[in-house]
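**Q** Read top to bottom, the protein sequences are chains A and B. According to our numbering, the stretch in the first sequence is residues 1 to 617, in order. According to our numbering, the stretch in the second sequence is residues 1 to 239, in order.
Certain hints may be false.
Restricting the straight-line Cα-Cα distance to at most 27 Å, the calculated cross-link-like pairs of lysine-lysine (DSS-like) are [unchecked claim]: (1) K247/A to K196/A; (2) K183/B to K164/B; (3) K231/A to K366/A; (4) K183/B to K82/A; (5) K195/B to K366/A; (6) K195/B to K164/B; (7) K229/A to K218/A; (8) K208/B to K183/B; (9) K208/B to K366/A; (10) K196/A to K218/A; (11) K366/A to K82/A; (12) K164/B to K366/A.
In short, the hints are calculated from the structure, not lab data. Values in this document were obtained by computation on a predicted structure and should not be read as measured data.
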Amino acid sequence: MTISETQNGGISAADVTRIVATIVDAVQADRTRLMDIVQAVQHRLGYVSDEAVHAIAERLGIHGVEIEDMVSFYAFLNREPKGRFHIRLSKTPISMMRGAAAVAGAFSRATGAVIGGTSPDGEFTLEWTSDIGMGDQEPAALINGTVLTALTPSDVLPIVAALRQQHAENGVPLFPGSDAQRAGLLKAKIGASLVKSGPVVFQTGTAAGAGLEAALAKSPEEIIQTMAKAKLRGRGGAGFPTALKWKLCRQSVSEAHHVVCNADEGEPGTFKDRVLLTELPDVVFDGMTIAGYALGARRGLVYLRGEYAYLWDRLQGALEHRRRVGLLGKDAGGKAGFDFDIRIQLGAGAYICGEESALIDSLEGKRGAPRDRPPFPTDRGYLQQPTAVDNVETFACVARIMEKGAEWFAGFGTPDSTGTKLLSVSGDCQRAGVYEVPFGITVNEFLDLIGAPDAAFVQMGGPSGQCTAPKDFGRRIAYEDLSTGGSVMVFNSGRDVLEIATQFAEFFVEESCGWCTPCRVGTTLLKQGMEKVLRNRATPADIAALEALANTVSRMSRCGLGQTAPNPILTTMRNFPEAYERRLQAETFLPAVTLREALAVAVEVQGREPVVQEGVG
Amino acid sequence: MSDSMLTFTVDGVEVEATPGQTIIQACDAARVYIPRLCYHPDLEPAGHCRVCTCRINGRPGSSCTMPVAHGMVVESNTPQLNEDRRVLIEMLFVEGNHFCPSCEKSGDCELQALGYRLGMMGPRLPYQWPQRELDATHPDIFIDRNRCVLCSRCIRASRTADGKSVFGFEGRGIHVRLNVDGKHLDETTLAAIDKAVHVCPVGCIVVKRNGYRIPYGDRTYDQAPIGSDIEARRRKMKR
Numbered sequence: 001m002t003i004s005e006t007q008n009g010g011i012s013a014a015d016v017t018r019i020v021a022t023i024v025d026a027v028q029a030d031r032t033r034l035m036d037i038v039q040a041v042q043h044r045l046g047y048v049s050d051e052a053v054h055a056i057a058e059r060l061g062i063h064g065v066e067i068e069d070m071v072s073f074y075a076f077l078n079r080e081p082k083g084r085f086h087i088r089l090s091k092t093p094i095s096m097m098r099g100a101a102a103v104a105g106a107f108s109r110a111t112g113a114v115i116g117g118t119s120p121d122g123e124f125t126l127e128w129t130s131d132i133g134m135g136d137q138e139p140a141a142l143i144n145g146t147v148l149t150a151l152t153p154s155d156v157l158p159i160v161a162a163l164r165q166q167h168a169e170n171g172v173p174l175f176p177g178s179d180a181q182r183a184g185l186l187k188a189k190i191g192a193s194l195v196k197s198g199p200v201v202f203q204t205g206t207a208a209g210a211g212l213e214a215a216l217a218k219s220p221e222e223i224i225q226t227m228a229k230a231k232l233r234g235r236g237g238a239g240f241p242t243a244l245k246w247k248l249c250r251q252s253v254s255e256a257h258h259v260v261c262n263a264d265e266g267e268p269g270t271f272k273d274r275v276l277l278t279e280l281p282d283v284v285f286d287g288m289t290i291a292g293y294a295l296g297a298r299r300g301l302v303y304l305r306g307e308y309a310y311l312w313d314r315l316q317g318a319l320e321h322r323r324r325v326g327l328l329g330k331d332a333g334g335k336a337g338f339d340f341d342i343r344i345q346l347g348a349g350a351y352i353c354g355e356e357s358a359l360i361d362s363l364e365g366k367r368g369a370p371r372d373r374p375p376f377p378t379d380r381g382y383l384q385q386p387t388a389v390d391n392v393e394t395f396a397c398v399a400r401i402m403e404k405g406a407e408w409f410a411g412f413g414t415p416d417s418t419g420t421k422l423l424s425v426s427g428d429c430q431r432a433g434v435y436e437v438p439f440g441i442t443v444n445e446f447l448d449l450i451g452a453p454d455a456a457f458v459q460m461g462g463p464s465g466q467c468t469a470p471k472d473f474g475r476r477i478a479y480e481d482l483s484t485g486g487s488v489m490v491f492n493s494g495r496d497v498l499e500i501a502t503q504f505a506e507f508f509v510e511e512s513c514g515w516c517t518p519c520r521v522g523t524t525l526l527k528q529g530m531e532k533v534l535r536n537r538a539t540p541a542d543i544a545a546l547e548a549l550a551n552t553v554s555r556m557s558r559c560g561l562g563q564t565a566p567n568p569i570l571t572t573m574r575n576f577p578e579a580y581e582r583r584l585q586a587e588t589f590l591p592a593v594t595l596r597e598a599l600a601v602a603v604e605v606q607g608r609e610p611v612v613q614e615g616v617g
Numbered sequence: 001m002s003d004s005m006l007t008f009t010v011d012g013v014e015v016e017a018t019p020g021q022t023i024i025q026a027c028d029a030a031r032v033y034i035p036r037l038c039y040h041p042d043l044e045p046a047g048h049c050r051v052c053t054c055r056i057n058g059r060p061g062s063s064c065t066m067p068v069a070h071g072m073v074v075e076s077n078t079p080q081l082n083e084d085r086r087v088l089i090e091m092l093f094v095e096g097n098h099f100c101p102s103c104e105k106s107g108d109c110e111l112q113a114l115g116y117r118l119g120m121m122g123p124r125l126p127y128q129w130p131q132r133e134l135d136a137t138h139p140d141i142f143i144d145r146n147r148c149v150l151c152s153r154c155i156r157a158s159r160t161a162d163g164k165s166v167f168g169f170e171g172r173g174i175h176v177r178l179n180v181d182g183k184h185l186d187e188t189t190l191a192a193i194d195k196a197v198h199v200c201p202v203g204c205i206v207v208k209r210n211g212y213r214i215p216y217g218d219r220t221y222d223q224a225p226i227g228s229d230i231e232a233r234r235r236k237m238k239r
């Protein structure tokens, strides 16, 4: 085999040009569809080779450096050849508690790939990845597009043996994989996550399209007024009033308006949007269509995180059905003159793309870097046109409100946090899964519900949220008190709060986009600061410096990621000072490493121990 | 004051501005210096370095991207903000490999000058000692990524002013690096007269055979601290 044959997944350079041309032309050589282009290229070649970059650039009439800029940003896009099977193990505090390290070790032994590398036979690449949205069924993994859950080390040999038997036609990785969950692999099964339905979102006995039908009988202004009366606030975590966002977007003068559904559910510990999109896709699409009508938009976009590629077929099927029955397309829902359709954009592994302006850049085929505001997306969003970006759950609420009325909706929850909230529960409790509860429930009440009487601390709202101590378990889950986008991770007294905080610090290092200094450099420095604490090498001065640094990162960062990245450290410092004190050294200064560690390499080379004098090392 | 002018305050001083100006543009025109690194007056702002962050109506925001509004209250020269800015400069020092004594940009380097201006006495953050690449393939231009601060000035200048797109980013997070449109710089269309070559605030992109034409000691920031040009004009105006 010549070198040119081993590159590009064994496809010749001329064929690469031809394949790329077909892929690029399928999206009318639209630069903003670069994400679809490179995903399709990777699906064919296994990675985005230099030849492919060159061919895409030629065909789009842009520079190769722009393509590399974009492709190199996303964790799921490969610039180098990878194994035929790309195994990505979910790395979260919960997965580690459930034995993910042992599963990783088993995969490493069974495949011959070290973690972060590819096996010598080129069959397997093994990597850690950030939370894949299976917090209630960890340890979980993605193999190409397929989700595997509740893995144990003993599952690994049969899985690897079965993979070796599989021969896809072109023998390359399948991401993005619409064939996911069809592979018939052991553990390739996602359990039903819904534990408790509530009265609003997961109510039963309502036909799809009911909310949309009610909405189309009203004027766009009336719909926005209804949202205001319902006091609906964004379910993604920030809690911005939906009516105000829609009003600003509608008022903004433009050729076109856009509705975007943020299904980039990346906050570790959250998986309620996955459940919503699995159980009630039509209610979500109803909500998007209602928004389209209210905003005067003709286009809706769902930004679906790459980890949820396995939902692609199901969601496309739901959209196709809606087109057939007239709920999408020309005169959508039977409303003359209201033309509306929805496209799904698959992401490629970047937590930051859950931030609305980064999501919009990603939708435009660029790296997912957040934008400075103003201008706000409601003025200049997707394609520089007014755009309303709302969470999956928000759209479901919209449909329910239009169906049952604003007063009905506002009857649940608290005066400032109306309705119900979907909470994703994982960790040390009896019943992990998704719960729909009215806003205003106290942490204690909720812990009773999920079966966690001995919780020692609760991470509320994911790593970017707060580490909550028992003294605060009387607080209410609501925007005005303990706000959460939906992630609830429960830990018992056997867990080390600082180790968990350090894992979250690592998560932000992995997921910082790198655009701005405080987040790009600060997240790494914060992680190193926590590691020094964990190694019992920190002094009181180190803790003071770490706190000051955390506050600088929080104040100076460009977007919500950097602004909240220090939260695991700041909230544990505030709520669990004794955990830090236990590890502190009463010295004025201690270096991060001991003399013995610093000399380890020299000792190995020389083959003898240094002569250590009294009081050194 | 004409009808189209608006006013706002910076540290209690009233500043006039025209609609559409950013805070940093209006302040530069009014001879009020806000420390900045990635901002360049000839280029679209990008908001990378965050050094120009001010408190704007009580909330932090980058003054290079924030448009002025009538009645805006901006705080810039406060101990807290200057301390935060100093930490940002320190972050950039430890993120790369910056050896001022052996750098041909010393004295003309905006990063170094900001370190002095903001009172950075020495790094208190741990050095990261990254492995960075040099690129000396181009006959006239040299790139030393050890000194890159990822300000994107060259990227923006090449794309807009030069119309070439020679530069781009690669990677994500702490692994972001400056990339060129080709394997090495000699494969690109970059020329020594390009704007992209002359906007680098540090010694990352330098023109060859040019480094010591002006000796150390006689260089821009050897004469006066960074920002003095803006402030000096203010003093003259007042007289």
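**Q** Determine for every hint whether it applies to the structure shown.
**A** Verification of the supplied hints:
The hinted pair formed by K247/A and K196/A fails the criterion: a straight-line CA distance of about 34 Å is larger than 27 Å. Distance hint between K183/B and K164/B is fulfilled; the C-alpha atoms sit about 16 Å from each other, no more than 27 Å. Proposed proximity of K231/A and K366/A is contradicted: the alpha carbons are some 34 Å apart, above 27 Å. Only pairs whose Cα atoms come within 27 Å are accepted, and K183/B paired with K82/A is accepted, the gap being roughly 21 Å.
Among the hinted pairs, K195/B with K366/A is consistent with the structure: their alpha-carbon atoms are about 24 Å apart, no more than 27 Å. For the given pair, K195/B sits about 10 Å from K164/B by alpha-carbon distance, which is consistent with the 27 Å threshold. Restraint check for K229/A and K218/A: the C-alpha separation of about 15 Å stays at or below 27 Å, so the hint holds. Distance restraint check for K208/B and K183/B: the Cα-Cα separation of roughly 20 Å lies within the 27 Å cut-off, and the hinted pair is therefore satisfied.
A threshold of 27 Å between alpha carbons decides the hint, and for K208/B with K366/A the separation of about 33 Å lies outside it, so the pair is violated. The hinted pair formed by K196/A and K218/A fails the criterion: a straight-line CA distance of about 33 Å is larger than 27 Å. Restraint check: the Cα-Cα separation between K366/A and K82/A comes to about 23 Å, which is no more than 27 Å; the hinted pair holds. With a C-alpha separation of about 18 Å, the suggested pairing of K164/B with K366/A holds against the 27 Å cut-off.
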